[in-house]
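K.L.:
These are the residues of each chain, in order.
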Amino acid sequence: MFLAWREIRQNKLRFALVTAVLLLVSYLVFFLSGLASGLAGLNREAVDKWQADGIYLTAESDKSLNQSMMESDLVDEIEADETAVLTQTNLIADNGDVKSGVALFGIRPDEFIMPEPTEGEEFSEEFEVIASDSLKEEGFSVGDELELSGSDETLTIMGFTDEARFNAAPVLYMDLEDFEKVRPGASAMSTQETPGQPAEGGQGPAEEVEQPDMINAIVVKGGQPNDVPDDLEYIESEIFIENLPGYTEQNLTLTFMIYFLFAISAAVVAIFLYVLTVQKISMFGVMKAQGISSGYLSRSVIAQTFILAVIGVLIGFGATVLTGQFLPAAVPVSFDYGMMAVYGAVLIAVAVLGALVSVWTIVKIDPLEAISG
Amino acid sequence: MTEHVLQLEEVTKTFGSGRTEVRALKETSLEVKRGEVIAIIGPSGSGKSTLLTIAGGLQGPTEGEVRIAGERITELAEKDRSKVRLEHVGFILQSSNLVPFLTVSDQLKLLDKVKKGNMSKEERDGLLEELGITKLTKKYPNDLSGGERQRVAIAKALYSNPSLLLADEPTASLDSDRAFEVMKLLKSAAVKKNAATIVVTHDTRLTDYVDKVYKMVDGVLHLESEDGGAKPLEEGRTDFLEKGGNEDGI
Chain A
1 MFLAWREIRQ NKLRFALVTA VLLLVSYLVF FLSGLASGLA GLNREAVDKW
51 QADGIYLTAE SDKSLNQSMM ESDLVDEIEA DETAVLTQTN LIADNGDVKS
101 GVALFGIRPD EFIMPEPTEG EEFSEEFEVI ASDSLKEEGF SVGDELELSG
151 SDETLTIMGF TDEARFNAAP VLYMDLEDFE KVRPGASAMS TQETPGQPAE
201 GGQGPAEEVE QPDMINAIVV KGGQPNDVPD DLEYIESEIF IENLPGYTEQ
251 NLTLTFMIYF LFAISAAVVA IFLYVLTVQK ISMFGVMKAQ GISSGYLSRS
301 VIAQTFILAV IGVLIGFGAT VLTGQFLPAA VPVSFDYGMM AVYGAVLIAV
351 AVLGALVSVW TIVKIDPLEA ISG
Chain B
1 MTEHVLQLEE VTKTFGSGRT EVRALKETSL EVKRGEVIAI IGPSGSGKST
51 LLTIAGGLQG PTEGEVRIAG ERITELAEKD RSKVRLEHVG FILQSSNLVP
101 FLTVSDQLKL LDKVKKGNMS KEERDGLLEE LGITKLTKKY PNDLSGGERQ
151 RVAIAKALYS NPSLLLADEP TASLDSDRAF EVMKLLKSAA VKKNAATIVV
201 THDTRLTDYV DKVYKMVDGV LHLESEDGGA KPLEEGRTDF LEKGGNEDGI
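Residue numbers (this note's numbering), protein chains in the order written: chain A, 1 to 373; chain B, 1 to 250.
None of these hints come from the bench; they were simulated from the model. Honestly, I wouldn't trust all of these hints.
Claimed, not checked - Chain A stretches covered by chain B per the calculated footprint, using a threshold of three residues with CB under 8 Å from any CB of chain B:
#, segment
1, 4 to 13
2, 291 to 305
Unchecked claim - Distance ranges between label pairs, derived from CB positions:
#, chain 1, residue 1, chain 2, residue 2, range
3, B, E21, A, Q279, 32 to 42 Å
4, A, I264, B, E21, 41 to 51 Å
5, B, N118, A, T323, 45 to 55 Å
6, B, K83, A, L314, 33 to 43 Å
7, B, T134, A, A341, 47 to 57 Å
8, A, A267, B, A77, 31 to 41 Å
9, A, T255, B, A77, 39 to 49 Å
10, B, N118, A, E369, 23 to 33 Å
11, B, N118, A, G295, 14 to 24 Å
12, B, K109, A, P328, 47 to 57 Å
13, B, A77, A, Q279, 35 to 45 Å
14, B, G45, A, Y274, 30 to 40 Å
15, A, V278, B, L223, 42 to 52 Å
16, A, Y274, B, N142, 42 to 52 Å
All residues carry an ideal CB built from backbone N, CA and C; glycine is no exception.
Please take these sequences and the hints and turn them into a complete structure.
P.N.:
Structure (structure tokens):
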């Protein structure tokens with residue numbers, strides 16, 4: 001540490017440059033990790049909030065919520081501590097000023113996925129909804145009447161709830177009983193995937209009153225999925241999330257970028273320190289001639305790298321958090337500090353790894369050459 | 001138990017092989033006692049530096065035996081030779097052997113970090129005083145003149161209380177007065193600290209201050225003069241030094 005610190009103090013510029021590189025790389029890593037968890041949250045936070053263990057979809061749906069259609073009385077055949085039926089569709093909600101693409105969830109208010117409103121109150125009458133509070137930032141408020149694409153009905157926002165986004169869309173929770181009346185193309189099951197197509201004449205709802213509700217999925221909590229009904233498939237929550245459209249691809253892309261940055265920072269540090277070490281070969285040679293061991297000199301280089309990496313990563317961390325404060329809400333960044341700590345530690349570790357190239361150089365220095373040179 | 005800090009027995013050094021073989025050092029034997037200062041003079045390329053580096057354990061001889069402080073270093077691995085150098089050998093090199101990013105006092109402090117048994121604070125201050133570099137302790141090598149740097153290098157070499165001091169042209173960048181001063185200091189430090197000193201030099205004037213002068217020609221070492229011109233030491237030159245005993249246990 002003695003040599004390491006004094007050299008840093010005496011050569012501030014060159015070590016500031018190494019630190020700056022580490023700072024920028026760590027800034028980028030932290031930011032990407034924030035973006036990764038932010039984007040992931042955008043997709044999954046509604047599902048996470050349920051704290052469900054798993055979800056039943058039809059086997060033929062291939063883990064796609066939209067493609068899974070079943071009758072709601074199937075819920076009686078499912079063994080679990082708690083169950084909740086779920087139906088979902090995507091549509092556009094318009095309060096007169098703003099339009100927003102939303103995910104409309106039809107649920108039963110007495111089941112466990114029913115959200116607690118953080119503002120306003122629960123839905124109780126027909127066509128009332130609890131909305132994701134992310135809609136507030138877009139200009140929606142309690143009491144708004146929402147016109148829907150593909151339906152003549154209007155919904156009223158009774159309250160907002162937090163952590164309610166699904167597959168990048170804000171969620172509107174409403175009672176399953178009314179859901180069928182607003183589902184686009186409600187009369188024809190096969191066309192429920194084409195939003196924008198208006199329901200025909202409204203005779204659909206009238207006919208379906210006698211039949212069990214059609215739902216997309218049954219969400220469960222507790223119990224073992226031992227006896228899965230025919231035609232259904234049990235999917236753990238995590239697997240269900242990974243199969244949301246685009247989720248895995250997006251996550252892998254960002255993770256890949258982060259891993260690549262680790263490799264880049266190892267290489268950059270290795271090159272930088274190697275150049276610095278090569279410049280000091282004769283100095284190291286003289287010191288080795290005096291009997292100062294390679295081990296001592298190597299430890300000094302490692303200590304130096306460690307100091308620089310810690311400083312760089314800490315500043316990078318601070319800069320990331322600071323930037324996060326000033327970002328517009330539209331940027332989906334959320335910082336997972338535990339994950340960032342891990343990434344920071346990995347960055348420091350790969351920087352030290354990069355210094356090993358210099359250690360090897362030092363070990364190879366022949367003091368004799370330094371002296372006779 | 002031997003009086004000799006350095007013993008070279010029939011040491012040879014050959015570089016290359018076959019047609020390109022160069023015998024840098026022909027069978028050479030040399031013994032240097034505690035408190036003894038010898039000079040090796042000779043033209044460049046005569047093998048002086050090769051001899052010095054072998055004596056310092058920086059390279060092994062092709063044949064023969066080298067003992068530093070009684071330890072047969074010919075058989076040691078580089079790691080262990082490095083330890084022997086650290087414990088017993090002080091180098092004063094032609095080119096500055098200072099660490100550019102350490103102040104003069106930190107140069108000495110570095111030795112405290114890697115080894116024990118260095119000079120006490122009082123001895124250190126006396127040494128710096130004697131070398132005329134007391135005021136330079138907070139300066140970096142780049143801020144010093146060539147002569148100042150060389151004096152710091154000498155201080156660094158003496159600071160570790162070596163039993164063998166190897167100096168390659170130690171006075172090269174010093175003016176005559178300062179050169180004589182330095183030689184006197186080396187001599188009296190060697191006597192006081194019971195160290196053996198080898199000085200490789202071109203400067204024949206300096207041989208006035210040494211016990212023996214050897215001449216190196218074409219890899220052969222001749223004894224030129226013995227106790228020829230060694231001037232008596234002035235009294236009180238190195239009073240700051242504590243008398244060194246047989247701290248190496250040899």
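K.L.:
If a hint holds in the structure, say so; if it does not, say that too.
P.N.:
Evaluation of the provided hints:
{"no.": "1", "hint": "4 to 13", "in the structure": "holds (count 5)"}
{"no.": "2", "hint": "291 to 305", "in the structure": "holds (count 5)"}
{"no.": "3", "hint": "B/E21 x A/Q279: 32 to 42 Å", "in the structure": "holds (35 Å)"}
{"no.": "4", "hint": "A/I264 x B/E21: 41 to 51 Å", "in the structure": "holds (50 Å)"}
{"no.": "5", "hint": "B/N118 x A/T323: 45 to 55 Å", "in the structure": "holds (51 Å)"}
{"no.": "6", "hint": "B/K83 x A/L314: 33 to 43 Å", "in the structure": "holds (38 Å)"}
{"no.": "7", "hint": "B/T134 x A/A341: 47 to 57 Å", "in the structure": "holds (50 Å)"}
{"no.": "8", "hint": "A/A267 x B/A77: 31 to 41 Å", "in the structure": "holds (33 Å)"}
{"no.": "9", "hint": "A/T255 x B/A77: 39 to 49 Å", "in the structure": "holds (46 Å)"}
{"no.": "10", "hint": "B/N118 x A/E369: 23 to 33 Å", "in the structure": "holds (27 Å)"}
{"no.": "11", "hint": "B/N118 x A/G295: 14 to 24 Å", "in the structure": "holds (20 Å)"}
{"no.": "12", "hint": "B/K109 x A/P328: 47 to 57 Å", "in the structure": "holds (54 Å)"}
{"no.": "13", "hint": "B/A77 x A/Q279: 35 to 45 Å", "in the structure": "violated (28 Å)"}
{"no.": "14", "hint": "B/G45 x A/Y274: 30 to 40 Å", "in the structure": "holds (35 Å)"}
{"no.": "15", "hint": "A/V278 x B/L223: 42 to 52 Å", "in the structure": "holds (43 Å)"}
{"no.": "16", "hint": "A/Y274 x B/N142: 42 to 52 Å", "in the structure": "violated (24 Å)"}
Going through the hint list in order, the structure does not satisfy hints 13 and 16.
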